[in-house]
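4 protein chains.
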Amino acid sequence: MTKPARSHRRRKEARPEEILAAALEEFGAKGFAQSTLAGIATRAGISRTTIYLYYDTKEAILEAAFRNSVERTIDDVAGLIAQAEGDFRTLFARVVDLIYARLVHGDAAVFFKIFIAEGQSMPDLIALYRREILSKGEKAIGALIERGIATGELSPACRTDDVRVFIAPAIFAALWSQVFDAVDPLDVEAFKACHVRLVADALLARK
Amino acid sequence: MTKPARSHRRRKEARPEEILAAALEEFGAKGFAQSTLAGIATRAGISRTTIYLYYDTKEAILEAAFRNSVERTIDDVAGLIAQAEGDFRTLFARVVDLIYARLVHGDAAVFFKIFIAEGQSMPDLIALYRREILSKGEKAIGALIERGIATGELSPACRTDDVRVFIAPAIFAALWSQVFDAVDPLDVEAFKACHVRLVADALLARK
Amino acid sequence: MTKPARSHRRRKEARPEEILAAALEEFGAKGFAQSTLAGIATRAGISRTTIYLYYDTKEAILEAAFRNSVERTIDDVAGLIAQAEGDFRTLFARVVDLIYARLVHGDAAVFFKIFIAEGQSMPDLIALYRREILSKGEKAIGALIERGIATGELSPACRTDDVRVFIAPAIFAALWSQVFDAVDPLDVEAFKACHVRLVADALLARK
Amino acid sequence: MTKPARSHRRRKEARPEEILAAALEEFGAKGFAQSTLAGIATRAGISRTTIYLYYDTKEAILEAAFRNSVERTIDDVAGLIAQAEGDFRTLFARVVDLIYARLVHGDAAVFFKIFIAEGQSMPDLIALYRREILSKGEKAIGALIERGIATGELSPACRTDDVRVFIAPAIFAALWSQVFDAVDPLDVEAFKACHVRLVADALLARK
DNA sequence: AATGAATGAGGCTTCATTCAT
DNA sequence: CATGAATGAAGCCTCATTCAT
Chain A
1 MTKPARSHRR RKEARPEEIL AAALEEFGAK GFAQSTLAGI ATRAGISRTT IYLYYDTKEA
61 ILEAAFRNSV ERTIDDVAGL IAQAEGDFRT LFARVVDLIY ARLVHGDAAV FFKIFIAEGQ
121 SMPDLIALYR REILSKGEKA IGALIERGIA TGELSPACRT DDVRVFIAPA IFAALWSQVF
181 DAVDPLDVEA FKACHVRLVA DALLARK
Chain B
1 MTKPARSHRR RKEARPEEIL AAALEEFGAK GFAQSTLAGI ATRAGISRTT IYLYYDTKEA
61 ILEAAFRNSV ERTIDDVAGL IAQAEGDFRT LFARVVDLIY ARLVHGDAAV FFKIFIAEGQ
121 SMPDLIALYR REILSKGEKA IGALIERGIA TGELSPACRT DDVRVFIAPA IFAALWSQVF
181 DAVDPLDVEA FKACHVRLVA DALLARK
Chain C
1 MTKPARSHRR RKEARPEEIL AAALEEFGAK GFAQSTLAGI ATRAGISRTT IYLYYDTKEA
61 ILEAAFRNSV ERTIDDVAGL IAQAEGDFRT LFARVVDLIY ARLVHGDAAV FFKIFIAEGQ
121 SMPDLIALYR REILSKGEKA IGALIERGIA TGELSPACRT DDVRVFIAPA IFAALWSQVF
181 DAVDPLDVEA FKACHVRLVA DALLARK
Chain D
1 MTKPARSHRR RKEARPEEIL AAALEEFGAK GFAQSTLAGI ATRAGISRTT IYLYYDTKEA
61 ILEAAFRNSV ERTIDDVAGL IAQAEGDFRT LFARVVDLIY ARLVHGDAAV FFKIFIAEGQ
121 SMPDLIALYR REILSKGEKA IGALIERGIA TGELSPACRT DDVRVFIAPA IFAALWSQVF
181 DAVDPLDVEA FKACHVRLVA DALLARK
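Chains as they are written, first to last, in my numbering: chain A, 1 to 207; chain B, 1 to 207; chain C, 1 to 207; chain D, 1 to 207.
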């Protein structure tokens with residue numbers, strides 16, 4: 001169907017995403033405020049001014065990169081809610097696995113960093129993040145718990161918990177890696193196991 | 001004889017701390033890179049150049065503010081390890097209380113932000129933070145668990161856990177407040193209660 | 001096909017030298033430390049920041065201007081050594097002519113000024129100057145004297161002199177012009193004649 | 001009569017000269033424009049603001065230091081004209097000796113440097129220098145030549161020379177030392193001998 | 001589509017100088 | 001008399017952004 005794109009054409013179509021990828025690299029390495037268009041351009045292997053053909057401002061790049069990443073993440077989370085088999089501990093572990101994967105490496109970690117540091121000046125993105133991504137994640141965990149209650153594994157009392165507490169260690173791990181990796185790297189796998197055990201032990205204990 | 005404090009003198013002595021306080025405000029509001037000396041000066045109610053009478057560079061201000069805060073925090077933590085009476089759940093709750101107090105409001109929150117966003121460029125401060133503050137906190141929790149094992153409340157198995165998992169929700173709460181306060185404020189007290197319950201339930205369950 | 005030079009291009013190629021010329025003017029008028037990039041930019045008819053497209057720092061401009069000038073000067077001096085015909089007095093006069101021309105007007109005068117005033121902080125340029133330019137000049141004079149001895153005009157005793165003594169009045173004239181031109185201008189031609197006569201008389205007298 | 005000054009009093013009277021001495025050091029080390037009041041104050045062992053009790057501006061310090069030095073120099077030169085015994089070569093050597101002494105070390109060297117580099121902006125001092133110091137020096141040399149003619153040592157033709165040519169090498173030596181001392185120090189004594197020989201040989205040769 | 005050239009706004013820092021003690 | 005405190009002016013430099021090719 002789609003004609004095998006000539007390299008010129010292909011280039012043109014690929015540019016925006018290439019720029020976004022380069023920007024994400026730069027943002028991750030230096031933070032948003034410290035990032036420069038020059039740095040992004042270099043990483044993308046293009047000239048500084050070419051960026052302006054696709055994005056109007058530095059902020060626009062961040063926003064585009066963010067929306068781009070958001071969509072993919074939402075899909076992942078949706079899939080994650082659907083696939084659900086096995087006992088609570090197993091299911092929870094699987095969910096946590098995915099969250100760690102996305103948070104410790106990948107785009108999500110970068111945006112986390114940026115939002116924490118410079119979120120004051122970008123309330124719209126913040127709201128979008130909270131609404132589109134975090135909410136979905138919360139719902140996924142909530143659904144997991146409901147299922148546990150339904151099967152009799154968990155006590156209905158677990159419904160009253162703030163599910164964010166159950167995921168918090170993952171965020172902690174992501175940030176620890178970002179900040180202290182050089183001076184004191186975290187054994188993510190071991191930490192994750194502790195995390196799952198803590199939550200499962202606590203919830204299952206409530207009969 | 002010598003009048004207790006001529007206003008000139010008194011000012012001079014107070015200045016450094018005034019500047020540090022203003023800087024912390026500014027850093028908290030804009031992040032370190034985005035902060036300007038002009039902003040700090042305005043908040044302190046002095047001129048831009050006056051700052052240079054006390055600190056040589058913007059980095060020096062950050063460092064001074066940090067060390068200033070570090071010392072106070074260490075003292076708090078030390079005191080916290082000492083005072084310890086009651087059952088595990090009560091003690092843990094008290095420790096967590098203090099951590100929330102310092103992390104959600106106050107200096108610690110600001111430095112957290114800065115380190116996450118711009119830590120790459122200040123490895124020395126990062127190392128200091130990890131060594132002087134976080135370690136102390138970890139030890140405090142570790143001591144608590146040992147005490148619980150000693151009194152027979154907790155299983156010795158709890159010793160194998162990474163204690164950072166037990167505190168992670170507090171960091172989460174601190175960052176959530178920083179980032180999402182405007183769009184979706186966190187009920188910190190409720191969250192904290194969940195946090196304590198989760199950890200206590202899990203640990204006490206392991207017999 | 002490719003038009004010989006689009007104005008954009010041509011400009012770009014000319015810019016560095018334009019900036020250097022402007023800088024030399026500015027340095028000459030104010031000395032190096034007192035010179036400002038704003039002044040250079042104005043003289044060059046460009047904006048302050050445009051300078052940074054071509055030179056990284058003020059020091060870099062000085063260095064570039066200097067090297068630029070050095071090369072031309074060395075070539076002149078080399079040519080001057082080569083062309084040599086006639087009796088000692090005539091030859092010496094010709095060499096002195098060139099030295100005055102370059103020293104009293106032109107780049108050399110500016111660098112003299114700068115080196116005298118601010119040489120402490122630029123030892124590399126100083127060394128280069130001594131090695132690449134002054135040495136060549138000394139050699140030229142030395143060669144002249146050797147030739148005079150060979151032809152029997154001069155006594156071999158002249159070889160023991162420090163040739164810099166023979167040129168010193170030229171430097172004096174250059175500096176006098178720089179410093180006292182407004183208050184008491186020097187009749188350079190007359191002074192130069194005196195200079196040549198002094199040296200020639202002294203050397204030729206030694207039989 | 002004069003009470004043996006109490007140290008306080010003595011201090012007060014000495015201050016201006018102490019400041020001048022410190023300023024001269026600083027000017028010599030960094031040039032005038034690069035010198036700072038802070039540097040002068042440190043060298044003088046006093047506070048920055050104390051300087052303002054005695055001198056209104058940086059320029060005023062330069063001027064005061066200069067006038068101070070001028071007076072002493074004039075006296076020296078006057079004395080130098082008076083004392084005159086022996087043949088031309090001997091006398092000339094003695095005069096040149098004094099000039100070297102003052103130019104290569106001491107205040108005069110510093111002012112030379114400053115005037116060359118930054119004279120444009122201080123025409124009054126320049127004029128004063130030309131009038132009060134250089135003129136006197138020229139006259140001293142002129143008188144020497146007249147005496148030589150009178151005693152029959154020199155030809156009356158020597159009267160037509162610009163006497164500055166005869167002293168130029170001394171200036172050259174002074175500047176060389178300032179600029180190239182680190183990279184290629186000048187053997188001042190040898191150079192001076194060459195200088196005297198050159199001038200004497202030339203003048204005495206004209207019969 | 002892509003880029004090299006150019007610039008204005010703004011940040012950090014230095015320093016001569018004034019003010020109050 | 002002496003000084004510590006404070007500041008305004010000015011300089012260097014960076015960077016997002018516009019213009020012309």
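Because the hints were derived from the structure by calculation, they are not lab data.
Hints may be right or wrong, so weigh each one.
Since copy identity is lost for identical chains, a pair holds within one copy or between any two.
Once the Cα atoms are required to be at most 20 Å apart in a straight line, the calculated EDC-like pairs of lysine to aspartate or glutamate come out as [claimed, not checked]: (1) Lys-58 x Glu-146; (2) Lys-30 x Glu-59; (3) Lys-136 x Asp-181; (4) Lys-136 x Glu-146; (5) Lys-136 x Asp-184; (6) Lys-30 x Asp-181; (7) Lys-58 x Asp-124; (8) Lys-139 x Asp-187; (9) Lys-136 x Glu-189.
State the violated hints by number, sorted upward, taking the hints as numbered earlier in the document. 1, 9
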